Amino acid sequence: AQSVAQPEDQVNVAEGNPLTVKCTYSVSGNPYLFWYVQYPNRGLQFLLKYITGDNLVKGSYGFEAEFNKSQTSFHLKKPSALVSDSALYFCAVRDKGGGGYNKLIFGAGTRLAVHP
Amino acid sequence: NAGVTQTPKFQVLKTGQSMTLQCAQDMNHNSMYWYRQDPGMGLRLIYYSASEGTTDKGEVPNGYNVSRLNKREFSLRLESAAPSQTSVYFCACRGIETDTQYFGPGTRLTVL
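Just so you know, the protein sequences line up as chains A and B, in that order. So the first sequence is numbered by the working numbering: it starts at 1 and just counts up by one. So the second sequence is numbered by the working numbering: it starts at 1001 and just counts up by one.
Please keep in mind that the hints were generated in silico from the structure rather than gathered at the bench. Careful, some of the hints might be misleading.
[Unchecked claim] Footprint (simulated), chain B over chain A, 3 or more residues, beta carbon under 8 Å: (1) 75-86; (2) 104-111.
[To be verified] Cβ pair distances, simulated, as ranges: (3) G1040/B x R42/A: 12 to 22 Å; (4) M1041/B x A113/A: 14 to 24 Å; (5) Q45/A x P1083/B: 38 to 48 Å; (6) F1010/B x Q71/A: 38 to 48 Å; (7) F1010/B x P7/A: 27 to 37 Å; (8) R1044/B x R42/A: 14 to 24 Å.
These numbers were taken from a predicted model, which means no experiment stands behind them. From the three backbone atoms N, C-alpha and C, an ideal C-beta is built for every residue, glycine too.
Based on the provided sequences and hints, a complete structural model is requested.
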């Protein structure tokens, strides 16, 4: 069965420092991986995805993620954190069923806190 | 375009009451999904619909029913609410050409 793990419940970073939010996956076949962000009292917003191609994927708001097949990881990164990046981040993997019933399997989420 | 809209935003029910959560999308997407979000558990899929007229169970369907009324609307019904159904509910949609799901703002439901 497909699954993702986010090993950290919370990540604390000082503003201006680089940030990393970790995600590891377990899939059969080629993985389709996603990052979503949830701001307080809001729905999830799509950040970026990896389907194929370059291992470094660039997304919204200056975020990027690095796909590492040997380590089965898809860590989210940003060179310089902003206080406004504080939110809940979810990693997800596509679980493809028959008939186009693509489903997403989500990790438990990592809360990012960026301190001034 | 509003994207994905959900009503109501908040709801408090008593155990045993019923209610329907509404979801509508104006993105002309075929697939729609209902998730629940609980602390420390991420999002779990309740039901999904690949296209108008079809629905299928997800990971946690017990206690829920759904209706895909047309391409735009996908409702979630709780026939007899239980405290274990206290959660935040999200609707999402996805087009055939993309693997990206787009989410509504959520409904926060409390069952007393």
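Practice prompt. Check each numbered hint from earlier against the structure, then list the numbers of those it violates in ascending order.
Written response: 1, 5
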